[in-house]
Structure formats: structure tokens, C-alpha cells
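J.: Full structure from sequences and hints, please.
The lines below spell out each chain.
2 protein chains.
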Amino acid sequence: MELLKQKIMKEGIVLSGQVLKVDSFLNHQMDPQLMMEMGREFARRFANEGVNRILTIESSGIAPAIMTALVMEVPMIFARKQKSLTLRDDIYVQEVFSFTKQEKNEITIAKKFIKPGDRVLIIDDFLAHGEAAFGLARIAEQAGAVVAGIGIVIEKSFQQGADKLSAAGYRVESLARIASLDNNEVRFVEE
Amino acid sequence: MELLKQKIMKEGIVLSGQVLKVDSFLNHQMDPQLMMEMGREFARRFANEGVNRILTIESSGIAPAIMTALVMEVPMIFARKQKSLTLRDDIYVQEVFSFTKQEKNEITIAKKFIKPGDRVLIIDDFLAHGEAAFGLARIAEQAGAVVAGIGIVIEKSFQQGADKLSAAGYRVESLARIASLDNNEVRFVEE
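So the sequences go chain by chain: A and B. FYI, my numbering numbers position 124 of the first sequence as 276, with every residue one higher than the one before it. FYI, my numbering numbers position 62 of the second sequence as 214, with every residue one higher than the one before it.
Simulated from the structure, these hints should not be mistaken for laboratory data. A portion of the hints provided could be inaccurate.
Dumping the calculated DSS-like pairs for lysine-lysine here, alpha-carbon to alpha-carbon at most 25 Å [stated by the list, open to error]:
1. B/Lys173 <-> A/Lys263
2. A/Lys173 <-> B/Lys235
3. B/Lys316 <-> B/Lys157
4. A/Lys253 <-> A/Lys316
5. A/Lys235 <-> B/Lys253
6. A/Lys264 <-> B/Lys173
7. A/Lys159 <-> B/Lys263
8. A/Lys264 <-> B/Lys159
9. B/Lys173 <-> A/Lys235
10. A/Lys256 <-> A/Lys235
11. A/Lys256 <-> B/Lys235
12. A/Lys159 <-> B/Lys267
13. B/Lys162 <-> A/Lys264
14. B/Lys267 <-> A/Lys173
15. B/Lys256 <-> A/Lys235
16. B/Lys157 <-> B/Lys173
17. B/Lys235 <-> A/Lys233
18. A/Lys159 <-> B/Lys264
19. B/Lys256 <-> A/Lys253
20. A/Lys233 <-> A/Lys263
21. A/Lys256 <-> A/Lys316
22. A/Lys233 <-> B/Lys233
23. A/Lys253 <-> B/Lys235
24. A/Lys235 <-> A/Lys253
25. A/Lys173 <-> A/Lys253
26. B/Lys162 <-> A/Lys267
27. A/Lys235 <-> B/Lys235
28. B/Lys256 <-> A/Lys256
29. A/Lys263 <-> B/Lys253
30. A/Lys233 <-> B/Lys256
31. B/Lys162 <-> A/Lys263
Below, a sample of chain A positions facing chain B; criterion: calculated Cβ distance under 10 Å [stated by the list, open to error]:
32. Asn179
33. Pro184
34. Met188
35. Ala215
36. Arg232
Ranges between beta-carbon positions, derived for each pair [said to hold, decoys possible]:
37. B/Leu155 <-> A/Glu163: 35 to 45 Å
38. B/Arg323 <-> A/Thr252: 31 to 41 Å
39. A/Glu293 <-> B/Glu163: 24 to 34 Å
40. B/Gly169 <-> A/Lys162: 47 to 57 Å
In this text, a Cβ means the ideal position worked out from N, Cα and C, and glycines have one as well.
T.: Quick look at the structure:
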């Protein structure tokens with residue numbers, strides 16, 4: 153998505169070979185017009201997948217997910233992230249490891265919001281090792297739903313998440329795919 | 153806002169005289185069309201306030217805030233919530249007490265995203281004791297910005313937040329104002 157790539161080139165800050173900071177428009181300050189355009193683009197790419205529910209995870213996934221939900225006219229559910237949890241039988245729980253923070257979180261979704269046969273589109277802001285996306289996919293499948301696709305704002309293609317998700321049979325669509333952050337420079341995957 | 157009140161009557165679950173559960177459309181599953189209508193309503197009510205920035209707090213504030221930002225065509229910034237923090241001089245920090253969870257959090261916003269003279273609209277999903285709204289207002293004022301208004305989705309008018317914010321001179325606009333949750337029943341403030 154050209155508009156997003158331009159924004160990354162203009163405002164993204166490369167903190168290391170692994171970390172791109174985009175807090176001026178994606179995960180702290182947010183550009184609502186860009187969010188809307190991303191929602192339109194996800195809706196366009198997954199238009200033929202029969203999506204009836206969008207899943208994401210707090211906090212930075214919420215804005216792109218709600219815009220996609222608005223365009224697709226389906227409800228959106230965001231998973232809660234917590235350190236650890238007392239067991240409750242009305243929620244689905246999956247363990248997700250954050251490489252950035254080097255900690256385990258549990259993500260949860262109330263059972264009443266995903267049903268067998270649902271076709272779920274997963275939306276998230278970043279795809280690195282794929283932990284969050286796999287966690288959401290496992291919850292969807294635990295509920296008997298089908299993962300209709302995974303939409304990512306920024307994919308760090310030099311890490312393993314996208315390959316692993318594709319190998320597991322998921323359709324992954326990323327709006328910007330980053331080949332490398334070496335030498336303080338953003339290089340996109342040639343498409 | 154009539155549409156919101158109807159939704160509360162239809163889907164809200166009164167858990168106690170203090171707690172209304174609205175996780176089917178506001179803070180777990182989200183209804184994107186309703187979010188958009190709420191964004192339009194906030195934009196309408198604060199149209200003459202010269203707002204150039206919207207502030208909220210993760211996670212449930214993000215969706216109504218991004219919709220309001222979309223309609224008003226201004227950037228949105230969401231504060232991060234954390235247990236406690238190593239000191240850093242590039243962020244504003246305020247302590248906020250959560251009565252629901254009975255714990256203190258620190259909320260933070262990067263200094264570069266609020267400037268002296270900014271006119272900030274604060275948006276949040278619930279107003280109870282006013283802790284989160286006061287925390288965001290203190291951050292805005294610490295930055296030399298002006299709080300142009302506070303927009304709330306659901307105000308629990310039987311708690312003290314709205315009165316305290318008004319007494320402090322803030323303009324508070326709530327889309328639904330709840331007078332009481334006694335006897336397992338939602339009663340709105342007569343307007």
C-alpha cells in the first residue's frame with residue numbers, strides 16, 4: 153500500500169536492525185485518515201472470504217481493526233492481554249510470548265463472541281515472529297471458527313512470522329513488507 | 153444519544169448497583185457502525201471548540217476516539233497504561249487509580265505529541281470517579297495545552313466523576329448518562 157510505505161519512509165524511525173518505531177501514526181499517535189484507508193484496503197483484499205467477524209488484540213490492533221470492521225460491516229472483537237489469569241470457563245485463553253518485551257502474556261476472548269462456523273479475519277499492526285497472530289488463530293479454531301485470513305499493517309519479512317503462518321495454511325496480507333532495517337534504512341520487499 | 157441508550161437497554165447487563173457490562177458493543181466486542189455514529193456525535197458537540205488533537209487511554213477508549221478523530225480530521229493519541237515505570241524524560245506520566253481494579257496505574261504520553269497551545273479533546277468509554285479523565289487532563293495541562301472538552305460514551309452520573317470534572321471547569325459531554333443501576337435496572341438521567 154503506497155500511502156503507508158510513504159508514511160513509513162517519512163516518519164518511521166529505525167531504532168535497530170530489528171525495531172522500527174512508527175509511533176507518530178500507528179501505535180501511539182494515530183492518523184485516522186490513514187487508518188480508514190488501511191481499513192478499506194483490508195476490506196478490498198478479503199472481500200471474497202465471507203468474513204463475518206474481525207479479531208484483533210489490544211491495543212495497537214484496535215484502530216485498524218475497527219476501520220476494517222466498519223467497511224466490511226461486521227463486528228470486531230479485541231482480545232485482552234494479561235500477565236496471568238485465574239481460570240474461568242466463559243473465556244478462551246491462549247499463551248503468547250512477546251519477543252519485544254521478553255514476557256509471556258495470556259490473551260483472552262469471551263466464548264460468546266465466536267461461534268462454530270464463523271469466518272474470522274485477524275488484523276494486527278505488526279507481524280514479527282507471528283506469536284500474536286497464531287494465538288488469535290488458535291482461539292478462533294478452538295471455537296470451531298475458520299480463519300478466513302490475516303491482515304497485517306507492517307510485516308517484518310526478515311523475521312519468521314509470515315513464513316510460518318503461510319506454511320500453516322493461512323492467507324496473510326500485509327500492507328507494507330519490510331525486507332530489512334539494516335544500516336539504519338528501511339528496505340521494502342520488492343513486489 | 154438515542155441509538156446508544158437503546159443499545160444499552162437491549163444489550164447492557166447490570167452486574168451490580170455499580171457495574172454495567174457492555175462487552176457486546178463497547179469494550180470487548182465492538183459495533184463499528186455505532187462507534188462511527190458516536191464519533192459523529194462527539195464531533196458535532198465539540199465542533200466549535202477549535203480541537204486539534206484527541207487524547208484517550210488504552211484500550212476501550214481507542215475506537216470511539218479514532219472515529220471522532222476521523223470526523224474532526226485531527227490526530228488521535230492514546231495514553232499507555234502500565235503498572236509502574238522507569239523514569240524517562242521524553243514522556244509525561246500521571247498516576248491514575250482504578251476503583252474497578254483497586255490498583256494504581258501510570259499513564260504516559262510521549263512529549264512530542266502534545267504542544268503548548270494545543271486544544272485537546274479527551275474521549276473515554278466510561279466516566280465513573282473521573283480518575284482517567286483527570287489524569288489525561290493533567291498531562292494536557294502539563295504540556296501547556298488546553299482541555300477543550302471531555303467526551304464520554306457512558307457516564308455513571310451516580311458516581312462523582314462528572315460533578316468533579318465540571319466543578320474543575322471542564323466541559324463534559326456524555327452520550328448516555330446513567331442515574332442508577334439499582335434493582336438490576338438501568339435508569340437514565342432525564343434530560
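J.: Hint by hint, note whether the structure agrees.
T.: Here's how the hints hold up against the structure:
Proximity of lysine 173 of chain B to lysine 263 of chain A is assessed by CA-CA distance (about 15 Å); at most 25 Å being required, the pair is judged to hold. A hinted pair counts as satisfied when its Cα atoms are at most 25 Å apart, and lysine 173 of chain A with lysine 235 of chain B qualifies at roughly 23 Å. A hinted pair counts as satisfied when its Cα atoms are at most 25 Å apart, and lysine 316 of chain B with lysine 157 of chain B qualifies at roughly 24 Å. Pair hint lysine 253 of chain A plus lysine 316 of chain A holds up; C-alpha atoms about 21 Å apart against a cutoff of 25 Å.
As the CA atoms of lysine 235 of chain A and lysine 253 of chain B are separated by approximately 14 Å, the hinted pair is consistent with the 25 Å bound. Taking the CA atoms of lysine 264 of chain A and lysine 173 of chain B, the gap is near 14 Å; set against the 25 Å cutoff, the hint holds. Between the alpha carbons of lysine 159 of chain A and lysine 263 of chain B the distance comes to roughly 21 Å, so the proposed pair stays at or under 25 Å and holds. Taking the CA atoms of lysine 264 of chain A and lysine 159 of chain B, the gap is near 18 Å; set against the 25 Å cutoff, the hint holds.
Straight-line distance between C-alpha atoms of lysine 173 of chain B and lysine 235 of chain A comes to about 23 Å, which keeps the hinted pair within the 25 Å bound. Among the hinted pairs, lysine 256 of chain A with lysine 235 of chain A is consistent with the structure: their alpha-carbon atoms are about 7 Å apart, no more than 25 Å. Restraint check for lysine 256 of chain A and lysine 235 of chain B: satisfied, since their Cα atoms lie roughly 16 Å apart, inside the 25 Å limit. The suggested pairing of lysine 159 of chain A with lysine 267 of chain B holds, with an alpha-carbon distance near 22 Å, which does not exceed 25 Å.
Taken as a hint, the lysine 162 of chain B and lysine 264 of chain A pair is honoured in the structure, with Cα atoms around 16 Å apart against an allowance of 25 Å. For the hint pairing lysine 267 of chain B with lysine 173 of chain A, the CA-to-CA distance comes to about 21 Å; that is within 25 Å, so the pair holds. Restraint check for lysine 256 of chain B and lysine 235 of chain A: the C-alpha separation of about 16 Å stays at or below 25 Å, so the hint holds. Distance hint between lysine 157 of chain B and lysine 173 of chain B is fulfilled; the C-alpha atoms sit about 14 Å from each other, no more than 25 Å.
This hinted pair checks out: lysine 235 of chain B and lysine 233 of chain A have alpha carbons roughly 14 Å apart, not beyond 25 Å. A hinted pair counts as satisfied when its Cα atoms are at most 25 Å apart, and lysine 159 of chain A with lysine 264 of chain B qualifies at roughly 18 Å. The suggested pairing of lysine 256 of chain B with lysine 253 of chain A holds, with an alpha-carbon distance near 21 Å, which does not exceed 25 Å. Between lysine 233 of chain A and lysine 263 of chain A the alpha-carbon distance is near 16 Å, which keeps this suggested pair within the 25 Å criterion.
Note on lysine 256 of chain A and lysine 316 of chain A: the hinted pairing holds, with a Cα-Cα distance of about 20 Å set against a maximum of 25 Å. For the given pair, lysine 233 of chain A sits about 12 Å from lysine 233 of chain B by alpha-carbon distance, which is consistent with the 25 Å threshold. A C-alpha spacing of about 14 Å is found between lysine 253 of chain A and lysine 235 of chain B, which places the hinted pair at or below 25 Å, so the restraint holds. A threshold of 25 Å between alpha carbons decides the hint, and for lysine 235 of chain A with lysine 253 of chain A the separation of about 12 Å falls inside it, so the pair holds.
Restraint check: the Cα-Cα separation between lysine 173 of chain A and lysine 253 of chain A comes to about 15 Å, which is no more than 25 Å; the hinted pair holds. The hinted pair formed by lysine 162 of chain B and lysine 267 of chain A meets the criterion: a straight-line CA distance of about 21 Å does not exceed 25 Å. Between lysine 235 of chain A and lysine 235 of chain B the CA atoms are separated by roughly 11 Å; this keeps the pair inside 25 Å, and the hint holds. Restraint check for lysine 256 of chain B and lysine 256 of chain A: the C-alpha separation of about 22 Å stays at or below 25 Å, so the hint holds.
Taking the CA atoms of lysine 263 of chain A and lysine 253 of chain B, the gap is near 22 Å; set against the 25 Å cutoff, the hint holds. Distance check on the hinted pair: lysine 233 of chain A and lysine 256 of chain B sit about 18 Å apart at the alpha-carbon level, within 25 Å; holds. The hinted pair formed by lysine 162 of chain B and lysine 263 of chain A meets the criterion: a straight-line CA distance of about 20 Å does not exceed 25 Å. For asparagine 179 of chain A, the interface hint holds, the least distance from its beta-carbon to any beta-carbon of chain B being 9 Å, beneath 10 Å.
Taking 10 Å as the C-beta cut-off, the interface hint given for proline 184 of chain A holds, the closest approach to chain B being about 4 Å. The beta carbon of methionine 188 of chain A is positioned within 10 Å of a beta carbon in chain B (closest approach about 6 Å), and the interface hint is therefore held. The beta carbon of alanine 215 of chain A is positioned within 10 Å of a beta carbon in chain B (closest approach about 5 Å), and the interface hint is therefore held. At a threshold of 10 Å, the smallest CB-CB gap from arginine 232 of chain A to chain B is about 7 Å, leaving the interface hint in force.
At about 36 Å, the beta-carbon gap between leucine 155 of chain B and glutamate 163 of chain A stays in the expected band of 35 to 45 Å. Take arginine 323 of chain B and threonine 252 of chain A: their Cβ atoms lie about 39 Å apart, and the range 31 to 41 Å holds. One distance hint, 24 to 34 Å for the beta-carbon pair glutamate 293 of chain A and glutamate 163 of chain B, holds here, with the actual separation near 27 Å. Evaluation of the 47 to 57 Å hint for glycine 169 of chain B and lysine 162 of chain A yields a pass: the beta carbon distance comes to about 52 Å.
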